[in-house]
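Engineer: The residues making up each chain are set out below.
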Amino acid sequence: MSESYVAAIDQGTTSTRCLVFDHQGRLVSLAQQQHTQHFPRPGWVEHDAAEIWRIVRRLLPEALRNGGLDASQIVSLGLTNQRETVVVWDRLTGEPVTPAIVWQDTRTGPLLPRIAAELDATSIHERTGLPLATYFTGPKLRWLLESDEDLRRRAEAGELLLGTMDTWLLWNLTGGVRGGVHSTDVTNASRTMLMNLQTLQWDPELLAVMRVPRAALPEIRPTLGDHGTTTDPVAGIPVRAVIGDQQASLFGQTAFESGEAKCTFGTGAFLLLNTGTQPVASSHGLVTTVAHQIEGEPTVYALEGSVAIAGALVEWCRESLGLIRSPAEIETLATSVDDNGGCFVVPAFAGLYAPHWESRAQGIVAGLTAYITKGHIARAVLEAVALQTQEVLAAMNSDAGLALRSVAVDGGMTSNNLLMQTVADLLDVPVVRPMMAETVALGAAYAAGLAAGYWSDQQVLRRQWHRAAEWSPAMEPARRAEMLERWSRAIELSVAWGRPRARTTDADPAVPPAGLAAAHGRRVEDG
Amino acid sequence: MSGPVQSVERAAAIVQLLASEEEPLGLAQIAAALSLAKTTAHGLLGTLCDVRFVEKDDAGLYRVGRDLLQIGSTRLDANELRARALNWTDALAARTGAAARVAMFRDGDAVIAHHVFAIGSQHQLLETGRRIPLHATALGKVLLAFDPGAARTVLSGPLPSLTYRTITERSAILRELADIRDAGRAVSVEECEPDLAGIAAPVRDRGGYVVASIGITGSVDDLCDSRHRPHRALEDEVLRAARAVSAEFGHGRTS
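If you read the sequences in order, they're chains X and Y.
Taken in order, the first sequence gives residues 1 to 527; the numbers are from the working numbering.
Taken in order, the second sequence gives residues 1 to 255; the numbers are from the working numbering.
Treat the hints as calculated values from the structure; they're not laboratory data.
Possibly wrong hints are sitting among the right ones.
Facing chain X, according to a computed beta carbon distance under 7 Å, are these residues of chain Y, among others [to be verified]:
1. K56
2. D77
3. N79
4. E80
5. A83
6. L86
7. N87
8. D90
9. A91
10. A93
11. A94
12. V116
13. F117
14. I119
15. L126
16. T128
Even for Gly, the Cβ is constructed at its ideal location relative to N, Cα and C.
Please model the complete structure; the sequences and the hints are all you need to start from.
Structural biologist: Written out as structure tokens, the structure reads:
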């Protein structure tokens, strides 16, 4: 009898991977490919959902081929994805009708005050656990439906389907125009700003505020459960889990119990703390979100510290600045100097997320002197990732009323030893990496395997967690305090820089990029 | 004199020929392909080998030299190597339970580019950046066996004895390296430290050159049978990981 496996599709912000795991949770096969990032205007980030589906279609058979596996050996498939990104497509042709607006996109900034005027931010936060920010899906949908009259008419007439990336891929995997499943899971739905965190259903008032017709939205299902069976590109694989990427990595770290946390370093950095079966409201700028829901069991919630820009900053150094040829070289460049030389980089490319939630903040490089080399900038880039993580950890400790004694980390950036050491130094706790850095995919596979009975229970998965590496804090307290103090000043500058200018200079033609977004906001109002 | 120099033209033709061939070529093939007398081709190849533009393997076949391929390009970045090896080094450690490490040749030593802890034991420190002896470790011997430059560097001086099992004789290490090339993997048993064993295999780039080594280390009892031969299953896992990391560098890819 041939061995059986579970597979995961991990549709991330910059790349898509398909991984196959064995019964011990060990990687058996991997296929991955990047997709195109579109930056049509300052602050705008778009993906082509059709390109992403083409990539998924290619990767699933490729991963099977790489491992010498037959589809019949895959007992269950887990789907995990970049969250909040919105896709709108034609129910009949199956084609996307607009570019996918990516979670990092800040075009909805000027729209937020008008949303707040209809339903105040506090009320939105109480219902959804989310601060009113550009990050989430609801405002993006309202922007789309308001910017194009035809789109709104077609959505209301039932011609269009809406969804996050999971919904788009699940629909295509399970048949597309020929009966594809149009559903999402609670973790993804909890990021839309359309779902009530208590009822776990679409909230009629929020739908009204975001102008979203109920009929175009997917059904909300439990994370672990029956999500249909694939028909394309490989038929007959049961999809038993759909889960947002950060919740997936929490699951992959086997942080099943209240009080367990992890931090993933990917495009952004995301610290999640399992808070058990009750949603905990944050008073320090964290997001309350669903960790996972197993069919027939109580929902598990989490507190999340979301940092928009982590790996994306390194990628920017490569793609836009040409400082490095590959992401890994940032470490080589950064180790060419001993410290940051007084230079700090605040990567507020998507405004600032947790704990600040300053949608208008813009990135800055502070402390430039003739002494600064690209090595110092590379160092400041890595420190920016660690310093932002420190901020969300401090907020987490304040909210939870206790201090995390160590941090479990994962994601591609954990291959960066200097970054991991800097995180340990600035957080002042040991940083531990498990023996599977691709914890997002592993978590989706764990969820799918549990739901299919491939693994009997969560304890089995816990025993498969092994420590691969550990970094201990080694920074002098005085040095750490100085770093944190200078960082908070840099954050203030970044927020100040993004503030609209005084009225008298509004007509100045030399407005910074914020002016473009504002101009676009006016165009939306006119429409 | 200002016209073309015939011997330079011919040398260039030889390099072009070798660069266009997948497999190493013999003297007769090269002479025939370029319509040269064998003695002429032999002389040219000898000089090209001296300047390291061409390499001659143990079977007497010629291929383009590593040094020539690396002209104008920079050497492999250790951090790049770690990033590409990450997933498969994890899988190797998870499958064997032993500490898994990746090493590369740097300035006369084998340097640890990546390290994944062994399962279970508590006190482990990251060894990334540490230098280990080339002649007394499985990871190092792989690098020596497949990197003529590394072998030249190390074998030009005395080989320090670290344990009573360390291979210190030049003729013995040359035999050992030939065996490693034949087997496609290296084993060391107590050659560096008492009770410590290692198994390692080469990581190759797109062109087939060995850019690093990957392997496991552990106690002799864990890695070997009673006759100090490595367990076959562990060897297979090391070879599998080496193939997977090589594939990340484009080795063995058809497209």
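Engineer: Quick one: which hint numbers does this structure break? Sort them smallest to largest.
Structural biologist: 1
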